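The residues making up each chain are set out below.
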Amino acid sequence: MRLSDYLYLAKKDLTNYRLRSSLIILCICVGILSSTLNLYHTSKRAEELISSLENLGGQMISIWVQDKEIQLEDLFFLSSYFPYTSYEVSYWQDIRSFRKTKISVSIIATVPEYQQVHSVKIKEGRFISLGDINQRRKVCVVNTPVASGLKIGVGKKIRIGEDELRVIGLSKEEGMSKRVIIPLSISNEIFESDSRNLEVVILTSGNPKAVKKEIERMLKKRFSDKKGRTRQGFLFESEGFTVSIAEGLLETIKNQRLTSKMIVLGIWVVTLILAGGGIINLIMLSVRQRYKEIGVMRAYGAKKEEIFYLFLLEGILLSVYGLLLAGAIGASYVGLFGGCKFLIFLRELLWSSIICIGIGICGCFPARLAAGISPSEAIRDAN
Amino acid sequence: MIEMTNISKVYQMGEKKVEALREVSMKIEPGEFIAIMGPSGSGKSTLLAIMGCLEIPTSGRYLFDKKEVSNLTDDELSLLRNEKIGFVFQAFHLLPRFSALENVELPLIYKKVAKDEREERARRCLEQVGLGDRIEHAPSELSGGEQQRVAIARALVNSPRLILADEPTGNLDSTSAQEVMDILSLLNQDKKIMIAVVTHNPLIAERVKKVYHLKDGQLVNEAK
Ligand SMILES: Nc1ncnc2c1ncn2[C@@H]1O[C@H](COP(=O)(O)OP(=O)(O)O)[C@@H](O)[C@H]1O
Ligand SMILES: [Mg+2]
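Just so you know, the sequences run in chain order A and B.
Be aware that the first sequence starts at 724, since it is given in my numbering, and climbs by one per residue.
Be aware that the second sequence starts at 3, since it is given in my numbering, and climbs by one per residue.
Do not rely on the hints blindly, as some may be mistaken.
[To be verified] Cβ pair distances, simulated, as ranges:
{"hint": "1", "chain 1": "A", "residue 1": "Ile-1077", "chain 2": "B", "residue 2": "Asp-192", "range": "54 to 62 Å"}
{"hint": "2", "chain 1": "B", "residue 1": "Lys-69", "chain 2": "A", "residue 2": "Glu-1028", "range": "19 to 27 Å"}
{"hint": "3", "chain 1": "A", "residue 1": "Met-1007", "chain 2": "B", "residue 2": "Phe-100", "range": "18 to 26 Å"}
No lab work stands behind these hints: they were computed from the structure.
Every value quoted in this text rests on a predicted model; they were computed, and no experiment measured them.
Just so you know, even glycine gets a beta-carbon here, dropped at the ideal spot from N, CA and C.
Just chain A, same shape as in the assembly (with noise of 0.2 Å):
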């Protein structure tokens, strides 16, 4: 049999049973559109992130100040290696609106590099500047948390304990934790306790693991007079730092990945169950009701194997349309709101009509079925 003719004969009998398989061609389609969608959507938003990181150089390295003489000043040599290099001072602190709001935030004084490190976006206003760290301004950066919470946007202003600071940006950030970010310059001004937290972030492009290695020494260099306060653990050496990579970013793109594909996976086991069941019923119900017509196709040179790609490719088809369908209404959702992603779709779209092969899997049993009748159900009548 020729293969248009494989064609021509599967799709007669499926318009014979034209609601049923449009019902299983609307589910697969449905199936196929809800993977390859959250698949787009988390691939879009980590291959966004991941762009964002190399653009900027891509892994961040920390370096944690264990040692309580050292102070950020003696580490500010490094951003003469490294361009993207971030000093942070964080405290925890409670601070107030005007309005006698009250939260208890993490307050952050850093240097203007912080923002391309931490790839912080601006919502509105801007973010802390090189002036406002020469000229000491008391000024601030606040997230969405901190604003919702306090009832506060730009232009107004906060206090942290006796001081009063303009908040000149709004920044957009993930997750609940509420942070306010200040310069450097006037940490010593605001912070009250010096049970502080120091740290530099670097963003570097190189191979993280070798970069790490170079910061170690050049920070075993410069302090190597600084010895003697050895202690089990992190520490590094006997000097008060520990330098680590930092996975945040990366983590989160991989957990993100990792749960989509989970909530995917569970998609395409229900859209196997419902639509690969659908199929197998559907030609079930064919073969039952074509016992007489199969033997008649057997009795007139149809081979076994004829009959069985046959019925096999009626579910085939059934799962293509299917995915034409899906391809069709995701291309043009993709186009509309999705962000034109069009590579990053077909490369789901792709992914997801995995699906299909299972519901051809499925097609087989009742294929076989089919390819089983003898040829002499066609003698046999009910005469």
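Fit chain B with the ligands to the known structure of chain A by using the hints.
Coordinates of chain B with the ligands only, in the frame set by chain A:
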């Protein structure tokens, strides 16, 4: 030429064995037209199924054009049926979703004949059975006699050596039955196709040269 020697067919029904045919021997010469008669359950359809290579006998020798049928694989049997045998059934067994023309084309599909040639040959066969003006009709739009003629056209389309008809007039009124028998006789005379017809109708049996009688799976006598 067809030669059957001591053909038996036993069906296993769970514990029970049904002997549908016992030691049947017969010969159909090229161009011969025979009839098979007998009461219901006597094994007529079984005999036709074995002749038509739809089933393999339990024992005995069956030579079709000097080839031993029981040595052929399932695919080879399909090919043999496709190229050399045409079937006509009591219940017509036309595919309901297909037009008359498409029904007649069916055997050619399995022979991988291209669409154009298929249509051409199917149309010619339909004209031969007097249905040249009905080619686009669905089976449900045709009378019983017309449907059976479409079935004959389908049996004819691959120029077979043998046409087997299992009670082809059983569902037809006498006029249509006459027409169908006329067409079969004509095919036998013009194209020298071997024809075997199972029938209950003695009038029809009278028209053929040789009548075999079956009873309880055995050939009783060879009349005429
Ligand atoms: N597939 C089968 N399985 C079991 N018994 C069968 C089968 N086909 C036919 N038979 C039995 O074989 C006998 C002959 O049947 P059949 O050839 O159809 O007779 P006829 O066509 O003369 O009425 C009957 O007793 C029937 O019940
Ligand atoms: Mg019978």
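Broken hints, numbered, in rising order? Going through the list in order, the structure violates no hint and respects every one.
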